[in-house]
Amino acid sequence: MGSRYGWYVNAMRNKISENWQKYEIDPRISTSSRCYVTFDITRSGQPTNVRIEQSSGVPSLDQSAVRALQRIDSFGPLPSDYSGSRVSVEFWFDYHR
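If you use this note's numbering, the sequence shown closes out at 278, no skipped numbers anywhere.
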């Protein structure tokens, strides 16, 4: 999807970044491993099936990553020439204070 619809991927990345509330992360943490989250985007653009694929080892970081996606109502409809009914996404969150 990224090579053909880079504009959609960039918009998705920006929307996730805008909704990631880093203040939710334990303030004693300065850096951690990546948190990998997987989710689907429906044809109409809603994120669904949000789940942690690989924990960062920091529960507050993992929860903040999931919440970032849960705050998003829609990324906007999938491109009209995209043939699927949904797209599966793996997204990672890197945290450095």
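The hints are simulated quantities; they were obtained by calculation from the structure and are not laboratory data. Since we're looking at a predicted model, the values are computed, not measured. Positions of the beta carbon are idealized from the N, C-alpha and C atoms, including for glycine. Please note that the accuracy of each hint is not assured.
Stated by the list, open to error - So the derived label-pair ranges between C-beta atoms look like this:
1) 273 - 204: 16 to 22 Å
2) 185 - 244: 17 to 23 Å
3) 257 - 277: 25 to 31 Å
4) 185 - 212: 16 to 22 Å
5) 212 - 261: 24 to 30 Å
6) 258 - 204: 19 to 25 Å
7) 223 - 183: 14 to 20 Å
8) 183 - 215: 29 to 35 Å
9) 229 - 261: 16 to 22 Å
10) 209 - 269: 14 to 20 Å
11) 212 - 191: 31 to 37 Å
12) 211 - 263: 20 to 26 Å
13) 235 - 200: 16 to 22 Å
14) 182 - 209: 18 to 24 Å
Now the hints, each set against the structure:
In this structure, residue 273 and residue 204 meet the distance hint of 16 to 22 Å, their C-beta atoms being roughly 20 Å apart. For the hinted restraint 17 to 23 Å between residue 185 and residue 244, the CB-CB distance of approximately 33 Å leaves it violated. The hint said 25 to 31 Å for the Cβ distance between residue 257 and residue 277, and at roughly 29 Å that hint holds. A C-beta distance of roughly 34 Å is found between residue 185 and residue 212, which places it outside the suggested range of 16 to 22 Å.
Hint check: residue 212 to residue 261, Cβ distance near 41 Å, so the stated range 24 to 30 Å is violated. For residue 258 and residue 204, the hinted distance range of 19 to 25 Å is not satisfied, since their beta carbons lie about 31 Å from each other. Our hint of 14 to 20 Å for residue 223 and residue 183 holds, since their Cβ atoms are close to 18 Å apart. Taking the beta carbon of each, residue 183 and residue 215 are about 18 Å apart, not inside 29 to 35 Å as hinted.
At about 20 Å, the beta-carbon gap between residue 229 and residue 261 stays in the expected band of 16 to 22 Å. The hinted range of 14 to 20 Å is not satisfied by residue 209 and residue 269, whose Cβ atoms lie roughly 34 Å apart. The hinted window of 31 to 37 Å between residue 212 and residue 191 is violated, with their beta carbons roughly 26 Å apart. In this structure the supplied range 20 to 26 Å is violated for residue 211 paired with residue 263, their Cβ-Cβ distance being about 40 Å.
Judged by the Cβ atoms, the range 16 to 22 Å given for residue 235 and residue 200 holds: they are separated by roughly 20 Å. Checked against the given bound of 18 to 24 Å, the beta carbons of residue 182 and residue 209, roughly 37 Å apart, lie outside it.
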